[in-house]
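**Q** Top to bottom, those sequences are chains A and B. Take 1 as the starting number for the first sequence in our numbering and just add one per residue. Take 1001 as the starting number for the second sequence in our numbering and just add one per residue.
By construction, these hints were calculated from the structure, which means they are not laboratory data. Each hint should be verified, as a subset may be incorrect.
What the hints assert, rightly or not - Quick list of in silico lysine to aspartate or glutamate cross-link-like pairs, DMTMM-like style, CA-CA up to 25 Å: (1) B:K1107 x B:E1066; (2) B:K1049 x A:D42; (3) B:K1049 x A:D85; (4) B:K1061 x B:D1085; (5) B:K1061 x A:D42; (6) B:K1069 x A:D30; (7) B:K1110 x A:D85; (8) B:K1071 x B:E1088; (9) B:K1058 x A:E96; (10) B:K1107 x A:D42; (11) B:K1107 x A:D56; (12) A:K52 x B:D1085; (13) B:K1110 x A:D42; (14) A:K57 x B:D1095; (15) B:K1107 x A:E82.
Just so it is clear, the structure is predicted and the values come from calculations on it, not from any experiment.
Listed here are the chains, written in short residue letters.
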Amino acid sequence: AAGVIQSPRHLIKEKRETATLKCYPIPRHDTVYWYQQGPGQDPQFLISFYEKMQSDKGSIPDRFSAQQFSDYHSELNMSSLELGDSALYFCASSLENSPLHFGNGTRLTVT
Amino acid sequence: AQSVSQHNHHVILSEAASLELGCNYSYGGTVNLFWYVQYPGQHLQLLLKYFSGDPLVKGIKGFEAEFIKSKFSFNLRKPSVQWSDTAEYFCAVKDYGGSQGNLIFGKGTKLSVKP
Chain A
1 AAGVIQSPRH LIKEKRETAT LKCYPIPRHD TVYWYQQGPG QDPQFLISFY EKMQSDKGSI
61 PDRFSAQQFS DYHSELNMSS LELGDSALYF CASSLENSPL HFGNGTRLTV T
Chain B
1001 AQSVSQHNHH VILSEAASLE LGCNYSYGGT VNLFWYVQYP GQHLQLLLKY FSGDPLVKGI
1061 KGFEAEFIKS KFSFNLRKPS VQWSDTAEYF CAVKDYGGSQ GNLIFGKGTK LSVKP
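Build out the structure end to end from the sequences listed, making use of the hints.
**A** Structure follows, in structure tokens:
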């Protein structure tokens, strides 16, 4: 069965650069969620979109923005990267109130 | 603010041993509770969830969890672990009225099962 696809799997950026992470939800899923998991930390909810509109907001820094496109894929844009942004970024998708399905994550390293 | 505490950072067991992973949350209202598992190199997967009803919840792969409201606990159990259960386990809580994905996770417990 199709799963949540995230790209790239790994990304290395320098401080103050920008990064764009992509998430392709399971077909027909209408909601996408983004999480950040720092080294040795628990996943932190960043933001979610339902039917291409922002539906909830967590601890997403102002330097980050995200959107969901007409094909339901989502992109997380990160600007002015800091060392502390190095983390694993998970995306998850769901249909209405069905359980979340997570992607394998994008590991971002900021040097 | 809500928080989730997982008591053990790393648990090491031999195969066939029984497992209990502790999870406590702090929130005064009605919550939904979850356990997720993350196998090495893989994504988070839902093991089980509690929304309402029977406080003893059965999940996949022989796991179960018991919601004890008076103790704000949702401990995960398995009578006999296997080597393939080696993974990291995350407890998570969601405000009953909150959006589906606005989960508060615990810091996770690494389980290592020795063959």
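**Q** Please name the hints from earlier in the document that this structure breaks, with their numbers sorted from lowest to highest.
**A** 3, 6, 12
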